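Engineer: Could you put together the complete structure from these sequences and hints?
These protein sequence lines map, in sequence, to chains H and G.
Each residue of the first sequence is one higher than the one before, starting from 3 at the first, in the working numbering.
Each residue of the second sequence is one higher than the one before, starting from 3 at the first, in the working numbering.
Derived by calculation from the structure, the hints in this document are not laboratory data.
Any given hint might turn out to be false.
One copy or two, it doesn't matter: identical chains are merged, so the pair holds either way.
[Said to hold, decoys possible] When the alpha-carbon atoms are kept at most 35 Å apart in a straight line, the in silico DSBU-like pairs for lysine-lysine are as follows:
no.: 1; residue 1: 28; residue 2: 49
no.: 2; residue 1: 76; residue 2: 49
no.: 3; residue 1: 76; residue 2: 28
no.: 4; residue 1: 27; residue 2: 49
Note that the coordinates shown come from a computational prediction; the quantities given were computed from them, not determined experimentally.
2 protein chains.
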Amino acid sequence: MPPPDRPDEAGRFAFDGLDRVLHEKKRLGILTSLLAHRDGLVFNELKELCTLTDGNLNRHLAALQEDGLVEIWKGMNGRRPQTLVRLTTVGRERFLGYLGLLEGIVHDALSAAEAAPAPQKGVGLNPA
Amino acid sequence: MPPPDRPDEAGRFAFDGLDRVLHEKKRLGILTSLLAHRDGLVFNELKELCTLTDGNLNRHLAALQEDGLVEIWKGMNGRRPQTLVRLTTVGRERFLGYLGLLEGIVHDALSAAEAAPAPQKGVGLNPA
Numbered sequence: 003m004p005p006p007d008r009p010d011e012a013g014r015f016a017f018d019g020l021d022r023v024l025h026e027k028k029r030l031g032i033l034t035s036l037l038a039h040r041d042g043l044v045f046n047e048l049k050e051l052c053t054l055t056d057g058n059l060n061r062h063l064a065a066l067q068e069d070g071l072v073e074i075w076k077g078m079n080g081r082r083p084q085t086l087v088r089l090t091t092v093g094r095e096r097f098l099g100y101l102g103l104l105e106g107i108v109h110d111a112l113s114a115a116e117a118a119p120a121p122q123k124g125v126g127l128n129p130a
Numbered sequence: 003m004p005p006p007d008r009p010d011e012a013g014r015f016a017f018d019g020l021d022r023v024l025h026e027k028k029r030l031g032i033l034t035s036l037l038a039h040r041d042g043l044v045f046n047e048l049k050e051l052c053t054l055t056d057g058n059l060n061r062h063l064a065a066l067q068e069d070g071l072v073e074i075w076k077g078m079n080g081r082r083p084q085t086l087v088r089l090t091t092v093g094r095e096r097f098l099g100y101l102g103l104l105e106g107i108v109h110d111a112l113s114a115a116e117a118a119p120a121p122q123k124g125v126g127l128n129p130a
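Structural biologist: The following block contains the structure:
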C-alpha cells in the first residue's frame with residue numbers, strides 16, 4: 003500500500019527500453035571500442051581492447067552481426083588473413099540511443115540517491 | 003596491426019569493473035527503485051514499479067540477497083502478510099559505485115562518438 007506522497011507510476015523502473023542485445027557488459031565494451039574507431043578495428047585489436055578470447059569475441063560478434071549492428075569483413079594484410087569489424091549505421095544509431103537512455107537512468111538513480119541519503123534501520127517496517 | 007596514432011591500451015574496453023550481479027536490466031530497475039525509496043518498498047509496489055512477475059522478482063531478490071545487497075523483511079499489514087525490501091548499506095554503496103562507473107563509460111562512449119562522427123564505407127578496409 004503506497005503512501006500518498008509517492009508519485010511513482012507502475013512500470014517507472016521497468017527499463018524496458020534497455021536493449022538486451024546491447025546491455026551485456028562485454029558487448030558494451032565491443033561497441034564502445036567500435037564507436038571510438040569509426041574505420042573499424044581488426045579482430046585482434048578488438049580482442050585485446052576488450053580482453054576477450056577468440057571464441058567469446060566471435061560469439062558476441064555473431065550475435066551483433068545477426069542483429070545488423072556490426073559488419074564483418076575478411077581481407078589480407080600481406081599474406082595474413084585479417085578480419086575487420088565495423089559498426090553499421092544502424093548499430094551506431096541503436097548504440098547511441100541505448101547510451102542516451104542509460105545516461106538518463108544513471109542520472110535519475112544518482113539524483114534519487116541524493117534525495118534519499120541513507121537507509122535507516124527499522125523505518126518503514128510496520129509489522130502488526 | 004594498430005596504426006601508431008592509436009593510444010589504446012589492451013583491456014581499455016574490458017569493463018571488468020562492471021558488476022555482473024548489478025548489470026542486469028531488471029536488477030538495475032529494482033536497485034534504482036530501492037535507491038529512490040530509502041525506507042524500502044513492499045513486494046507489490048516493487049513488482050509494479052519494475053513490471054515484473056512474482057516469480058521473476060523473487061528470483062532477482064534471492065540473487066541480490068545472496069550477495070548481501072538487499073534485505074527482506076516479513077511483516078503484517080493488518081491480517082495480510084507483507085514483504086518489505088530494502089537496500090543494505092553495502093548494496094547502496096556497491097550500486098552507487100556501479101552507477102559511477104557506468105556514468106564514466108557512457109560519458110567516454112558519447113565523447114568517442116563525437117570525436118569520430120560517422121562510419122564511412124570502405125575506409126580502413128585494405129584487402130590485398
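Engineer: Each of the hints needs a verdict: does it hold here or not?
Structural biologist: The hints, checked one at a time:
1. Taking the shortest alpha-carbon separations for residue 28 and residue 49, both the intra-copy value of 11 Å and the inter-copy value of 29 Å come in at or below 35 Å.
2. In this assembly of identical chains, the alpha carbons of residue 76 and residue 49 lie at most 35 Å apart only when taken from the same copy (16 Å versus 47 Å across copies).
3. Proximity of residue 76 to residue 28 under the C-alpha cut-off of 35 Å is restricted to the intra-copy arrangement: shortest distance 23 Å within a copy versus 38 Å between copies.
4. For the identical chains of this complex, residue 27 and residue 49 are neighbours both inside a copy (14 Å) and across copies (25 Å), given an alpha-carbon limit of 35 Å.
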